[in-house]
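Protein chains in written order, with this note's numbering: chain A, 59 to 372; chain B, 1354 to 1742.
You may find that some hints are simply not true.
Using 20 Å as the maximum straight-line C-alpha spacing, the simulated PhoX-like pairs for lysine-lysine come out as follows [as the list claims (entries may be wrong)]:
| # | chain 1 | residue 1 | chain 2 | residue 2 |
| --- | --- | --- | --- | --- |
| 1 | A | LYS341 | A | LYS93 |
| 2 | A | LYS101 | B | LYS1557 |
| 3 | A | LYS148 | A | LYS188 |
| 4 | B | LYS1575 | A | LYS155 |
| 5 | A | LYS364 | A | LYS331 |
| 6 | A | LYS148 | B | LYS1358 |
| 7 | A | LYS101 | B | LYS1560 |
| 8 | B | LYS1560 | A | LYS93 |
| 9 | A | LYS188 | A | LYS68 |
| 10 | A | LYS155 | B | LYS1697 |
| 11 | A | LYS364 | A | LYS93 |
Now the stretches of chain A that chain B is said to cover, found in silico as 3 or more residues with beta-carbon under 8 Å [claimed, not checked]:
| # | stretch |
| --- | --- |
| 12 | 145-152 |
| 13 | 156-163 |
| 14 | 325-332 |
| 15 | 341-347 |
| 16 | 353-366 |
Hints are computed from structural coordinates only; laboratory data are not their basis.
For glycine and all other residues, C-beta sits at the position ideal for the given N, C-alpha and C.
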Amino acid sequence: MPTLQEIALKTSGADARLVSGHRMCSGCGIGSLVKTILAASDKPVVVVSATGCLEVVTTIYPFTAWNTPWMHLTFENAASVASGIEAAYKSLKRRGKISDDVNILAIGGDGGTYDIGFQALSGALERGHKFMYVVYDNEAYMNTGNQRSGATPFGASTTTVPAGKVSFGKPQWRKNLVEIAAAHRIPYVAQAAVNNTMDLYKKAQKGFNADGPSVLAVLQPCTTNWSFDPSLTMQYSRLAVETNFWPLYEVENGVVHINVKPSNRKPIEDFLKGQTRFRHLFKPENAHVIVEMQKMIDEEWARLLKIEESGIQF
Amino acid sequence: MGIRKPITGAQAAAEAMRQINPDVVVAYPITPQTPIVEEFAKYVADGVVDTEMVAVESEHSAMSATVGAETAGARAMSATSSQGLALMWEIVAATPGLRLPIVMSLVNRTLSAPINIHCDHSDVMGVTTVGWIQIFSENAQEVYENTLLAVRVAEDERVQLPAMVNQDGFITSHAVEPVEIFDDAVVRKFVGVRSLERALLDVKQVKSVGPLVLPDYLFEFKRAQEEAMGKVFEVYREVGTELSAITGRQYPFFETYQTEDAEAVIVVLNSAAGTAKAAIDTMRAQGKKVGLLKPILFRPFPYAEIRDALKDVPVIGVLDRSMDFGASAPVYSELRNALWALEKRPAMQSYIYGLGGRDIMATDIEAAFEELLGGTLDSEHQRYIGLRG
Chain A
59 MPTLQEIALK
69 TSGADARLVS
79 GHRMCSGCGI
89 GSLVKTILAA
99 SDKPVVVVSA
109 TGCLEVVTTI
119 YPFTAWNTPW
129 MHLTFENAAS
139 VASGIEAAYK
149 SLKRRGKISD
159 DVNILAIGGD
169 GGTYDIGFQA
179 LSGALERGHK
189 FMYVVYDNEA
199 YMNTGNQRSG
209 ATPFGASTTT
219 VPAGKVSFGK
229 PQWRKNLVEI
239 AAAHRIPYVA
249 QAAVNNTMDL
259 YKKAQKGFNA
269 DGPSVLAVLQ
279 PCTTNWSFDP
289 SLTMQYSRLA
299 VETNFWPLYE
309 VENGVVHINV
319 KPSNRKPIED
329 FLKGQTRFRH
339 LFKPENAHVI
349 VEMQKMIDEE
359 WARLLKIEES
369 GIQF
Chain B
1354 MGIRKPITGA
1364 QAAAEAMRQI
1374 NPDVVVAYPI
1384 TPQTPIVEEF
1394 AKYVADGVVD
1404 TEMVAVESEH
1414 SAMSATVGAE
1424 TAGARAMSAT
1434 SSQGLALMWE
1444 IVAATPGLRL
1454 PIVMSLVNRT
1464 LSAPINIHCD
1474 HSDVMGVTTV
1484 GWIQIFSENA
1494 QEVYENTLLA
1504 VRVAEDERVQ
1514 LPAMVNQDGF
1524 ITSHAVEPVE
1534 IFDDAVVRKF
1544 VGVRSLERAL
1554 LDVKQVKSVG
1564 PLVLPDYLFE
1574 FKRAQEEAMG
1584 KVFEVYREVG
1594 TELSAITGRQ
1604 YPFFETYQTE
1614 DAEAVIVVLN
1624 SAAGTAKAAI
1634 DTMRAQGKKV
1644 GLLKPILFRP
1654 FPYAEIRDAL
1664 KDVPVIGVLD
1674 RSMDFGASAP
1684 VYSELRNALW
1694 ALEKRPAMQS
1704 YIYGLGGRDI
1714 MATDIEAAFE
1724 ELLGGTLDSE
1734 HQRYIGLRG
């Protein structure tokens, strides 16, 4: 396992697979998480991006920030495109037309994964193509300005389900993508966060080396639409973990392992504070929403601990 | 000389695919296309081909995975019909812009609603504007040869565009006809292998495919795509000449039948052209000067050549197997467009026939000819063949 400094060098040197010059928002963590994941591959990486922030900011023609083979088709099909690339890879290898080994990586945001790309992802996982799917989850359609997705948390105000006089924002909890992916009985699924580089790197390595499909869900606080100071991205990511809002865990060959167990779980308010999408929750009439959110987080955490302790395979 | 096999149009498409032995085939079942992918899947299961076949969970994913495979460097193929084409429309439209020479069989079936599994051309006519080469086939023999031809035209360096090979659902796809299949080795030499020049999997030549393109460049991309479409004519002729050397048949942009001295010509796509030939034979025996023009290459559309072929014909009837609601029918529109530049324009009549698989008989076509030869025509209003009163 390389040190943090060694990982940093791999993400910024001449061999870096995503280079500077992209147009990500100041403070955006997508660059960090993608670079860390790409550095974890010991083979060349062929990348497929779903339409979204990452695709838009890395390739405005005639420029590209990708120093690795990269393609984009449309929004909802990164997993299908990766399926096709993997099929071509197997075929061209078998026929002796290519010789280089590669890893295949599909990347989408939460909209392109939890929502519109869900069927394509499930199909690809069921078929067992060897590729890693990464979702950078900023919890809504952020490229187009904060519209609700299946990953948007309970209580968040979005432009399509805004908080108002009779609404506290999103009334539903989010999907558990990691468990859904694990239900496909694939070799590796994990939840990671952008602030924990070592954990993310290790998980990306496991994902690339898995004997079949792997899924990595990475929390990516959005400075623009969660509306916090660009210097605080890593702090919000850390708070999401420390409040158990976003537990770091993995499901390896069906077995759950929690990677980080906060010794002193922080109250959810610590994570909510300072984010525009949750500002309305601090009004007295919405106090019950925070109470309910805390209850759900604690219940989910207790459930996750129980699953880990049981050793029961997914 | 080939071997004559009694096979369906769907099997003819699968037979061409067997000989092509593509690197990747991606498919999703839909009536009446399903027998193509079933037949091909058998070839895979029996080791007759060593294609990597992916049976996906929807047509949207079928075309997405085909695009992924083709971008990666594979020769990738797929097949669909009707609703399947509609579901994959987004990716069908994206494919020419990425300059990917994918070849797909389209077994023409009406587009819902109402739902109906039978033939008309409402599926393909919804995608003729997006930039695929469109080739139409009268019968199983043409399906087979057009599929081979399409691969070479699509992949030509001057073109690099996707191609659809059309055949009529059930009428062609499920009817058994004798089809002459040429020697595997000869056909394989003709189709060759796809160049890996643009392959994403050529990791030594790092490239970004499918970038965001803003108003400062997008227009130029589309102009280049249009220029490539314009090159199809010369490439189609060249590749057709090569294929002729194997098959002994010709590969024109359209077929004419008894048009030289014709006083009335009917223009019709696909299987109904065969019915029209039978009607023409009957009427010619009665001394009536009637003929047929069957478009084969529909995109790009050979306006000048068709204009030249029909310049001396006084009356033209165009039979469309789909409608463009509130506007002229698609084939009729193209013919009017092609003939507009003539100094002496013909009288024209638009007919709609065969929607949702309604049969068209030789007698229906004879009746249309009689109207063209002696009846009152109205070039502004379409008429209906075989419609209940």
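Status of each hint after checking the structure:
no., hint, result
1, A:LYS341 with A:LYS93, "violated (39 Å)"
2, A:LYS101 with B:LYS1557, "holds (12 Å)"
3, A:LYS148 with A:LYS188, "holds (10 Å)"
4, B:LYS1575 with A:LYS155, "violated (32 Å)"
5, A:LYS364 with A:LYS331, "violated (30 Å)"
6, A:LYS148 with B:LYS1358, "violated (33 Å)"
7, A:LYS101 with B:LYS1560, "holds (17 Å)"
8, B:LYS1560 with A:LYS93, "holds (18 Å)"
9, A:LYS188 with A:LYS68, "violated (24 Å)"
10, A:LYS155 with B:LYS1697, "violated (57 Å)"
11, A:LYS364 with A:LYS93, "violated (34 Å)"
12, 145-152, "holds (count 7)"
13, 156-163, "holds (count 3)"
14, 325-332, "violated (count 0)"
15, 341-347, "violated (count 0)"
16, 353-366, "violated (count 0)"
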